[in-house]
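Enquirer: Take a look at the letters that make up each chain.
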Amino acid sequence: MRFRLTDDQRALRAGVRDLLERRFGREALRAAVAVPGRLDRALWRTLGEAGFFALRLPEADGGVGLGLPEAVLAFEEAGRALLPGPLVATHLAAGGVPGAARGETVVAAVDGGLVEWLEAADVVHGDASGAVPLRSVDPLTPLHRVPAPGPPDPVAVLLTAAEQLGTAGRVCELAVQHARTREQFGRPVGAFQAVQHLCADLLVRAETARAAVYAAAVTADPADIAAARLLADEAAVRGARDCLQVHGGMGFTWEADVHLHLKRAWVRARRAGGSAEGEELLAAALAR
Amino acid sequence: MDLSRTPEEEEFRTRLRTWLAAVLPTLPARPSPDDWPGRRAYDLRWQRMLYDAGYADVHWDASPTVRMIFLEETERAGAPYVGANFVGLLHAGPTIAAEGTADQRARWLPPILRGEQVWCQGFSEPDAGSDLASLRTRARRDGDHYVVTGSKIWTSHAEVADWCELLVRTDPAAPRHRGITWLALPMDAEGVTVRPLRTLAGSAEFAEVFLDEVRVPVANRVGEENDGWRVTMVTLSFERGTAFVGEVVACRRVLGELASAARENGRWDDPVLRRRLGRLDAEFRALWRLTQWNVSEAEANGGVPGVGGSVFKLRYSHARQELYDAAAEVLGPDCLDLDRPWVLDRLSSLSYTIAAGTSQIQRGIVAERILGLPRGR
Ligand SMILES: Cc1cc2nc3c(=O)[nH]c(=O)nc-3n(C[C@H](O)[C@H](O)[C@H](O)COP(=O)(O)OP(=O)(O)OC[C@H]3O[C@@H](n4cnc5c(N)ncnc54)[C@H](O)[C@@H]3O)c2cc1C
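Sequences listed follow chains A and B, in order. Read in order, the letters of the first sequence correspond to residues 0 to 287 in numbering that gives the first Met the number 0. Read in order, the letters of the second sequence correspond to residues 0 to 376 in numbering that gives the first Met the number 0.
Source of the hints: derived by calculation from the structure; they are not laboratory data. Yeah, the Cβ is synthetic: ideal placement off N, Cα and C, and Gly gets one too. It is possible that part of the hints are untrue.
[Unchecked claim] Listed next, with one range per pair, are the computed distances between beta-carbon atoms: (1) B:Arg12 x A:Arg181: 45 to 55 Å; (2) A:Arg181 x B:Arg137: 51 to 61 Å; (3) A:Gln244 x B:Val271: 20 to 30 Å; (4) B:Arg47 x A:Gly66: 20 to 30 Å; (5) B:Glu321 x A:Gln244: 21 to 31 Å; (6) A:Trp253 x B:Asp338: 56 to 66 Å; (7) A:Val154 x B:Arg135: 51 to 61 Å.
When you get a sec, could you build the whole thing from the sequences and use the hints?
Expert: Here it is, written out as structure tokens:
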């Protein structure tokens, strides 16, 4: 048993992080927030060229030929960077929908009674008839409500968990950075136990979720995936909340990035396979 | 990321399974929790069987992965737990192995491995719990002896122990961490008094130990005089490695039993309860994976458990309490009946967020040592 990242996996993670920092750094993120609903097609093609969508396609079909663990690492980075767009749907469509693998076709999908990025997409998977737009809580994810929830796909559930893990890790870093630098009462607020304990819990939730998400990527077992998703949703949503708390008044501003993580975590948590669905799936497995 | 087993690991597992299947049916009935001499004899006998079969030193010499497999398989098979051998095998033994002289290793380690001697841990004092370095039990040098006076508390298994790994203050003038020494105290020495303490679960799992002018040979000192704090940190790092592997396996089994019980008594129809059990299943699946992750990290770092132990302990101790709270929900009014399964376990689970470093102390460790936050206050 060697349950840790291989050198190749580390290199892949570093490569994706580097690409996203260059192509979707803080300035690009804030620019995207300023123009809601616009999908950056050039960035999408860059992702396509980098193999983000074709990651799991066989090399014979022009893919990268990697597996779920590598996809999970890439999606974790996407979550960390708050990369916008129907990433999971397009990734799943690579190989099926022409142009999806190369980032030329944008694919959206019905998921959990919602469709993300419906208007920006070239192709929509699932029954989107009767779609009604919402005024989305997340400035980086336009949303439509649809009557039919759409069937849950275990890989989509897992990749969502990976994105949530990215948020969970990032908000822990943001909280710790702030706690080390912001001073009150003559010392960094991170010297106060109440703040330290919030930060410690952020890390504990993120690291427990990480073990579950990575293991589910290895086993691809639906129950493992359901568990990973429950843990990752919790780590992202509660993590973003605690990170906001550590930031004080700054955390309540539009300017700080914390709210973007929280809102995205809320959007992802509504996708199929989380909460009650995941819990019932695991309960049913227990009772067998 | 690889969860598969190497051929050697697979071979070890198969051999162990076969052996367990053969010997477990030959074990006598377990003694009652209040029968301390019986428990001591039972636990030592089990250790002797492990020794004869070549498994005695799995906690010390085997790789973290093999140790994990051992704990996993013994729990799955329903084999006895380390019990009274806990301190010898997981605290004092590894410390002596790492820090003791050749003579000390030859004197103390074989009897631990052969299941002949029980050790206990005399660290905590009435006024030194979380703040262990403030301990006051005094050891005065008198020729080739230390003369020890003071008291220890919460000493598990003290009543049946032969030896105690004892922390004493040898230099009251030195800075707190620098005046502490690690001694092996024979529990039958003159001046040692053990007074059992009853836990909230009703049984006497731990004790107070009073030390009145007890003479301990200098030859019983492990490490240098006043270097006991460093020696102790070696011990504590062993404690946070694979200590809970068997328990996580056991918790997952309990969860399955809870589901069966809930289906039988009809409580399964309540979606709130079902979801609660489903969530706990996710929790323990994750804790199992976190164990495997930490073990793989330890393996890569030459067998030394990393900081992941604190992360694990924080999450696990809380999850264990949640598990038995859920059990109470399944039991309904029977959760107040001490004769029902899980009720005593629910009581014991309350110690998990306290013993071996409280959750508050663990959070401090995570914040300062892993996250690098400034020292707390
Ligand atoms: C079942 C059981 C078995 C045990 N077995 C042994 C044994 O065999 N040998 C042995 O030596 N000891 C043993 N212990 C003792 C155990 O290690 C101590 O109980 C533990 O370290 C806490 O110390 P304390 O009880 O003095 O609590 P205290 O340190 O007095 O803590 C009281 C409360 O204050 C909090 N607190 C204390 N300091 C801080 C701080 N700096 N920041 C924030 N909060 C703080 C704690 O979290 C706790 O909530 C055992 C304990 C139990 C419950």
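Enquirer: So, for every hint listed, does it hold in this structure?
Expert: Hint-by-hint comparison with the structure:
no., hint, verdict
1, B:Arg12 x A:Arg181: 45 to 55 Å, "51 Å, holds"
2, A:Arg181 x B:Arg137: 51 to 61 Å, "45 Å, violated"
3, A:Gln244 x B:Val271: 20 to 30 Å, "28 Å, holds"
4, B:Arg47 x A:Gly66: 20 to 30 Å, "47 Å, violated"
5, B:Glu321 x A:Gln244: 21 to 31 Å, "23 Å, holds"
6, A:Trp253 x B:Asp338: 56 to 66 Å, "59 Å, holds"
7, A:Val154 x B:Arg135: 51 to 61 Å, "60 Å, holds"
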